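Chemist: One-letter residues, chain by chain:
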Amino acid sequence: MNGFVTTNRFPRILDVPFNFSQTELKAGKNIIVSEFELAINQKFELRMLAISLITILTPGVVGLYLNTAMEICSVGLYRGTMICGPIAYAAFREQACSTNAFARCVVATPGIYKIIVSNNTSNLDISVAATGSFKFYY
Amino acid sequence: MAYLTENVVSNVLDLPIALSSTDLRMGDWLVVSVVRIVSPMRLTYRLCNIAITASTVDTALITSGNKIYGNNGLVYLALRRNYISGDPGAAGGLDNLVAYTLGVYSHDLAQPVVIIAAGVYSWVIANNMQPSADTTPVIPTSTSIDFRLSVTGSIRLELDNS
Chain A
1 MNGFVTTNRF PRILDVPFNF SQTELKAGKN IIVSEFELAI NQKFELRMLA
51 ISLITILTPG VVGLYLNTAM EICSVGLYRG TMICGPIAYA AFREQACSTN
101 AFARCVVATP GIYKIIVSNN TSNLDISVAA TGSFKFYY
Chain B
139 MAYLTENVVS NVLDLPIALS STDLRMGDWL VVSVVRIVSP MRLTYRLCNI
189 AITASTVDTA LITSGNKIYG NNGLVYLALR RNYISGDPGA AGGLDNLVAY
239 TLGVYSHDLA QPVVIIAAGV YSWVIANNMQ PSADTTPVIP TSTSIDFRLS
289 VTGSIRLELD NS
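Chains A and B, in that order, give the protein sequences.
Just so it is clear: in the first sequence, position 75 is 75 by the working numbering, and no numbers are missing.
Plus 138 on top of the position in the second sequence (first one is 1) and you've got the working numbering.
If you are wondering where the hints come from, they were derived from the structure by calculation, not from laboratory data.
Since this is a predicted model, take the numbers as computed values, not measurements.
Keep in mind that a hint or two might mislead.
[As the list claims (entries may be wrong)] Interface residues of chain A toward chain B, partial, derived using beta-carbon atoms under 7 Å:
no.	residue
1	22
2	54
3	131
The beta-carbon is built from N, C-alpha and C at its ideal position, and this holds for glycine as well.
Build out the structure end to end from the sequences listed, making use of the hints.
Modeler: The following block contains the structure:
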């Protein structure tokens, strides 16, 4: 990791961004923001994944969480078709929440990966935004 | 001018500011992108474009009486720190990219905004229109001045600014 990056190596390191601008998310629903396939001998590092809760569109209601660890809403990196057990996630706790950028999430296992934004309540409609990027090496 | 190592490159992330073509209603705003930075990160905001592709009125008819903020054009993209809610054009914004008519408006590449203060930074796109305050409005006050627009930009985040 401490070798110099040559001009041949540099084009093979890509920043792959994903962005979910402010969007209404109904109770219990989720939206796929990004999806990509990782092949053998490729890897990516996810270091920045941030979510912000902009508005609660059903005020005066106490939220019923579908999964308490995921708070009101979350954005996560998922493998395959299931939306349980994210590889990395940021769940909304304060004004905005992000993953720890200094704790790399490195993935080299081939497969299909998705970035999914979820509303984790059964009775609140919300408006959220999410932003992130991963480094793709091949 | 030091050489780059793999370690340095892996600590530099390019994050998006992206809004696909969206109808933004009169006086409304949308949070496009949110980034949280902590010490010792450094954020550099240099590149962004606003493209307005359609309007519900002839923009030549828009007067200063139609604008909420006279100096913010038709649409503006505000960078705000620790934004929670409220009018994004209010005082306290760190940067404003203004679109004055239909077309593409770009952030000046030679004038990047560099931020190292910890906080949550939001890019908020806002429609600066309101029902005309003129005594004889050119555009009827019942007409909603909406724009179809998109935003494309990039933020460079250095995780370790040392």
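Chemist: Less than 7 Å between beta-carbons is the criterion; does residue 54 of chain A satisfy it with respect to chain B?
Modeler: holds, 5 Å
Chemist: Mind checking the CB of residue 131 of chain A against every CB in chain B and telling me if the closest is under 7 Å?
Modeler: Result: holds, 5 Å to nearest chain B Cβ.
Chemist: Quick one, is the residue 22 of chain A hint okay against chain B at 7 Å, beta carbons?
Modeler: Nearest chain B Cβ about 4 Å off; hint holds.
In summary, this structure violates none of the numbered hints.
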